[in-house]
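Asker: Please work from the sequences and hints to get the whole structure.
One-letter residues, chain by chain:
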Amino acid sequence: MDSQKKSHLRDYCIALGDDSLILGHRLSEWCRNGPFLEEDLALTNVSLDYIGRARMFYSYAAEVEGRGRGEDDIAFLRDCREYRNFLINELPNGDFAVTMARQLMVDVYDMGFFAELAHSRDPTLAAIAAKAIKESSYHLRRSEDWIKRLGDGTDESHERVQYAFGQLWGYAAEMFEMSADEQQLLEAGIAVDRSALEENWTATMHAILKESTLDIPDDNWTIGGGREGQHTEHLGFLLAEMQFLQRAYPGLQW
Amino acid sequence: MVVADHNTDTAQLFELLSTVVDPEIPVLTLQDLGILRGISLNDGEVKVTITPTYAGCPAMETMRADIETTLAEAGYTRVTVRQVLSPAWTTDWMSENGREKLRAYGIAPPLSTACGQPSSQIECPQCNSSDVKLISEFGSTACKALYQCQLCREPFDYFKCL
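Chains as they are written, first to last, in the numbering used here: chain Y, 1 to 254; chain A, 1 to 162.
What the hints contain is simulated information worked out from the structure, not anything from laboratory work.
Predicted, not measured: the structure shown is a model, and the values here were computed from it.
Worth double-checking, as some hints may not be accurate.
Claimed, not checked - With the C-beta cut set under 7 Å, the calculated list includes, among others, these residues of chain A facing chain Y:
id, residue
1, 34
2, 88
3, 138
Said to hold, decoys possible - Which chain A residues stay away from chain Y? Per the calculated CB distances, all over 12 Å, these:
id, residue
4, 19
5, 23
6, 26
7, 40
8, 73
9, 74
10, 75
11, 79
12, 99
13, 100
14, 104
15, 105
16, 123
Backbone N, C-alpha and C define an ideal beta-carbon position, used for all residues, glycine too.
Answerer: Written out as structure tokens, the structure is:
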């Protein structure tokens, strides 16, 4: 593989790892804060699945890069503008409705995305996808169930989850926008055509919202930039907390 | 240089590794779980291939270390433990023996027919009733869900089908 393709592949893997790690970190913030014990366990278990996914993507990226970096270097020694995650993953958890609304949007996306990535010509990416989709199907079952309960719940839960979707909806568009580098990887049969996932995503989301007695939010605004390293103000605070120990004591090992 | 009988020696290694257990569920060995995918021995160098269960399973690190320790204690100092991701681990690889051990330990074993769907065939490991209720999709570990038996009222973990 030529070195340009290699660096695109590395960047692709890092971006996928970033999506996973940042969302995994957000979910870990629910630890000991869950509304009840079983839910605390559920949220943190999902978080663990994401962190494991990030490890696989980062390890592979480091291997492709071949410059001696490891998963920890990639996770802890990059600042905001080097992170490539979708913005939706870095948004604060908000209340339980916001967390689950975001989770549903991501889970529906992940199911579509990993189904395609499992056919990648890159065997490692295909293998990661084959594992990820099994876990995501449990995540989706959970988030879909919660949205239906919250939407078709009390007046308060309905109001909160409706508001949540209204705040998050415009962050979805970014998940379906391809970059030029990604396009090249797509032509090589390695990357997924994310733009082709939008139709199904929208249809699935609409169906779930309807069943949950929720209105489809306005789609007259979108916000993106994550894959270019342009982030919301939230990522800096997240990384400051997540990376603190490694930055304060570089190279420290457990 | 001793030329080892390849077959005999890997049989020995398999037996050695049959003592390595899941740290969270100590009745299950690597082989019961279907995690151990291969062992090779060449010129005294051992290569062990394992595959991870769940992406974020923290027990994998412990098991990897246990493999190295177990082999080192038996005199094998040149050991490489390698993780393969493909084919993706599935609970279908869990041995029948493993399933029985889980049940005896108080954890309902995974059903291979019902991946992704709550199942009406899950039985309480205490009283065998199938009148069970799902409390949470996620339990004490990522691989388990929490159920409660409606007959004897005991809660129990179910090892999820993956």
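Asker: Now tell me if each hint is right for this structure.
Answerer: Hints, one by one, checked against the model:
For residue 34 of chain A, the suggested interface contact is broken, since its CB lies about 14 Å from the closest CB of chain Y, more than 7 Å. Nearest Cβ of chain Y to the Cβ of residue 88 of chain A: about 4 Å, under the 7 Å cut. The hint holds. With a cut of 7 Å, the hint placing residue 138 of chain A at the interface with chain Y holds, because the nearest CB-to-CB distance is about 4 Å. No beta-carbon of chain Y comes within 12 Å of the beta-carbon of residue 19 of chain A; the shortest separation is about 26 Å.
In this structure residue 23 of chain A is separated from chain Y by more than 12 Å, as the shortest Cβ-Cβ distance comes to about 16 Å. At roughly 20 Å from the closest C-beta of chain Y, the C-beta of residue 26 of chain A stays outside 12 Å, upholding its exclusion from the interface. Every beta carbon of chain Y lies more than 12 Å from that of residue 40 of chain A, the smallest distance being close to 21 Å; the non-interface claim holds. No Cβ of chain Y comes within 12 Å of the Cβ of residue 73 of chain A; the nearest lies about 23 Å off, and the non-interface call holds.
Annotated as non-interface, residue 74 of chain A keeps its C-beta farther than 12 Å from every C-beta of chain Y; the closest such distance is 27 Å. The Cβ of residue 75 of chain A lies farther than 12 Å from every Cβ of chain Y, with a closest approach of about 28 Å, so its non-interface assignment holds. With 12 Å as the threshold on Cβ separation, the claim that residue 79 of chain A sits away from chain Y holds: the shortest Cβ distance comes to roughly 20 Å. Once the 12 Å rule is applied to beta carbons, residue 99 of chain A is consistent with being away from chain Y; the minimum gap is 19 Å.
With a cut of 12 Å on Cβ distances, residue 100 of chain A stays outside the contact zone with chain Y, its closest approach being about 24 Å. Look at residue 104 of chain A: its CB is around 25 Å from the nearest CB on chain Y, clear of 12 Å, so calling it non-interface holds up. Every CB of chain Y lies more than 12 Å from the CB of residue 105 of chain A, the least distance being 20 Å, so the non-interface label holds. The beta carbon of residue 123 of chain A is kept farther than 12 Å from every beta carbon of chain Y, the shortest such distance being approximately 21 Å.
Consistency with the previously given hints fails for number 1 only.
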